[in-house]
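J.: Protein chains in written order, with UniProt numbering: chain A, 1 to 61; chain B, 1 to 61; chain C, 1 to 61; chain D, 1 to 61; chain E, 1 to 61; chain F, 1 to 61.
Be aware that a few hints might be false.
[As the list claims (entries may be wrong)] Below 20 Å or equal to it, Euclidean Cα-Cα: the simulated PhoX-like pairs (lysine-lysine) are:
no., chain 1, residue 1, chain 2, residue 2
1, B, Lys7, B, Lys18
2, F, Lys7, C, Lys48
3, E, Lys56, C, Lys36
4, C, Lys18, C, Lys38
5, F, Lys7, A, Lys7
6, F, Lys38, B, Lys38
7, B, Lys38, C, Lys7
8, E, Lys7, B, Lys7
9, F, Lys36, C, Lys48
10, E, Lys7, E, Lys18
11, D, Lys7, A, Lys38
12, F, Lys48, E, Lys7
13, D, Lys18, D, Lys38
14, E, Lys7, B, Lys56
15, D, Lys38, C, Lys36
16, C, Lys56, F, Lys36
17, D, Lys38, B, Lys7
18, B, Lys36, A, Lys48
19, B, Lys48, C, Lys38
20, E, Lys7, E, Lys56
21, A, Lys36, D, Lys48
22, D, Lys38, B, Lys56
23, C, Lys7, C, Lys48
24, B, Lys7, B, Lys56
25, F, Lys18, C, Lys48
26, E, Lys48, C, Lys36
27, C, Lys38, D, Lys38
28, B, Lys7, A, Lys7
29, F, Lys56, E, Lys38
30, D, Lys7, E, Lys36
31, F, Lys48, A, Lys38
32, E, Lys38, F, Lys7
33, D, Lys7, F, Lys56
34, F, Lys18, F, Lys7
35, E, Lys7, D, Lys7
36, B, Lys38, A, Lys48
37, D, Lys38, E, Lys48
What the hints contain is simulated information worked out from the structure, not anything from laboratory work. Bear in mind the structure is a predicted one, so any value in this text is a computation, not a measurement.
Spelled out, the chains give:
Protein chains: 6
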Amino acid sequence: MPYVTVKMLEGRTEHQKKALVEKVTDAVSETTGAPKEKVVVFIEEMTKNHYGVAGKRLSDE
Amino acid sequence: MPYVTVKMLEGRTEHQKKALVEKVTDAVSETTGAPKEKVVVFIEEMTKNHYGVAGKRLSDE
Amino acid sequence: MPYVTVKMLEGRTEHQKKALVEKVTDAVSETTGAPKEKVVVFIEEMTKNHYGVAGKRLSDE
Amino acid sequence: MPYVTVKMLEGRTEHQKKALVEKVTDAVSETTGAPKEKVVVFIEEMTKNHYGVAGKRLSDE
Amino acid sequence: MPYVTVKMLEGRTEHQKKALVEKVTDAVSETTGAPKEKVVVFIEEMTKNHYGVAGKRLSDE
Amino acid sequence: MPYVTVKMLEGRTEHQKKALVEKVTDAVSETTGAPKEKVVVFIEEMTKNHYGVAGKRLSDE
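For reference, chain A alone in the conformation it holds in the complex:
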């Protein structure tokens, strides 16, 4: 606790995801006062055909 879920389009590199988990954990720990050991991060990736804005999927643009 806290539990953080980051939902984004697929395509980021492993290097980027590693840094994402590190930096988000730091940001959450610093601002909430929760110890870093307690911060959990989940990454969820979407594909362009499963994500739509304004009624249009990204895969249809």
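Put chains B, C, D, E and F on the given structure of chain A with help from the hints.
T.: Below, chains B, C, D, E and F alone, put in the same frame as chain A:
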């Protein structure tokens, strides 16, 4: 905003998913008053071995 | 199945929420082929101090 | 209703997942009083590169 | 890990919720092999005006 | 996009939540390359009687 997530079994065609995003966006915009440009839709697909009703997975029926 | 979650700011009337559930259910049923009886809709409301875009909460604008 | 989501690392066997759905459904039905027929279980699997604790992904350990 | 979310209508007693967390944790631990100490359970309650089946909210029935 | 959800126990101040949204947005933008304007953050608060670890709710400890 609003953010809509539709969770369903895999198997729909791209044509169906495209129409789903369009029609759900229209329905949300019309009833909530949010502009279409602000409506976001996520599709999440499940497999039959990860979905159970009454204690039984669909893949076990 | 399908399961639909609509996440939005609080403030809509009961009349709007009722229409939202009706119209979204119709849209999902028509486009996915799932019978209306199988469509489930959840509404989740957010407050302005728990929702931020571009690093700024709506309650801080 | 109730709707139960179990999020865990990938790697469990089909036998384990089948038992998981059965036993969790029983536990929820017995303690909430909901009939078993109404209990829905979703399994969501994570990969080690999308799950981090204390700022470190499991895939980086 | 695993992380379990139980979403249900409000109205259960504290006694029922306490038992729910205990029994679901046991069920998940036994079937997945995860140690009990690692199992996390979240309860999420819904109100009848935010939950609809077949296009109709429970509060409208 | 990305969409970030931070789930934590209630009790943080508005000042902490404001800083949380700012710092998490910065961390996500820097590591994923997404422009800050595109980063959305949701805060979800839990109560101690709806959160259990190792089969025990925090409210029962």
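J.: Starting from Lys18 (chain C), check that the Cα of Lys38 (chain C) is at most 20 Å away, please.
T.: holds, 17 Å
J.: Between Lys7 (chain D) and Lys56 (chain F), is the straight-line Cα distance small enough, at 20 Å or below?
T.: Given that 20 Å is the threshold and the Cα spacing comes to 19 Å, the pair holds.
J.: Given the hint that Lys36 (chain B) pairs with Lys48 (chain A), does the C-alpha gap stay at or below 20 Å?
T.: Within the cut-off at roughly 19 Å; holds.
J.: Are the Cα atoms of Lys7 (chain E) and Lys7 (chain D) separated by 20 Å or less?
T.: holds, 14 Å
J.: Next pair to validate is Lys48 (chain F) with Lys7 (chain E); report whether the Cα-Cα distance is within 20 Å.
T.: holds, 16 Å
J.: Under the criterion that the straight-line Cα-Cα distance not exceed 20 Å, is the pair Lys7 (chain F), Lys48 (chain C) satisfied?
T.: holds, 16 Å
J.: Between the alpha carbons of Lys38 (chain D) and Lys48 (chain E), is the straight-line distance 20 Å or under?
T.: At roughly 16 Å apart (the allowed maximum being 20 Å), Lys48 (chain E) and Lys38 (chain D) satisfy the hint.
J.: Could you grab the alpha-carbon distance between Lys38 (chain C) and Lys38 (chain D) and see if it respects the 20 Å cut-off?
T.: holds, 12 Å
J.: Does Lys7 (chain A) lie within 20 Å of Lys7 (chain B) when you go C-alpha to C-alpha?
T.: holds, 15 Å
J.: Measure nothing beyond the straight line between the CA atoms of Lys18 (chain D) and Lys38 (chain D); if it is 20 Å or shorter, mark the hint as holding.
T.: holds, 17 Å
J.: Could you grab the alpha-carbon distance between Lys56 (chain E) and Lys36 (chain C) and see if it respects the 20 Å cut-off?
T.: holds, 10 Å
J.: Holds or violated: Lys18 (chain F) with Lys7 (chain F), Cα cutoff 20 Å?
T.: holds, 15 Å
Of the hints listed earlier, there is not a single one the structure fails to meet.
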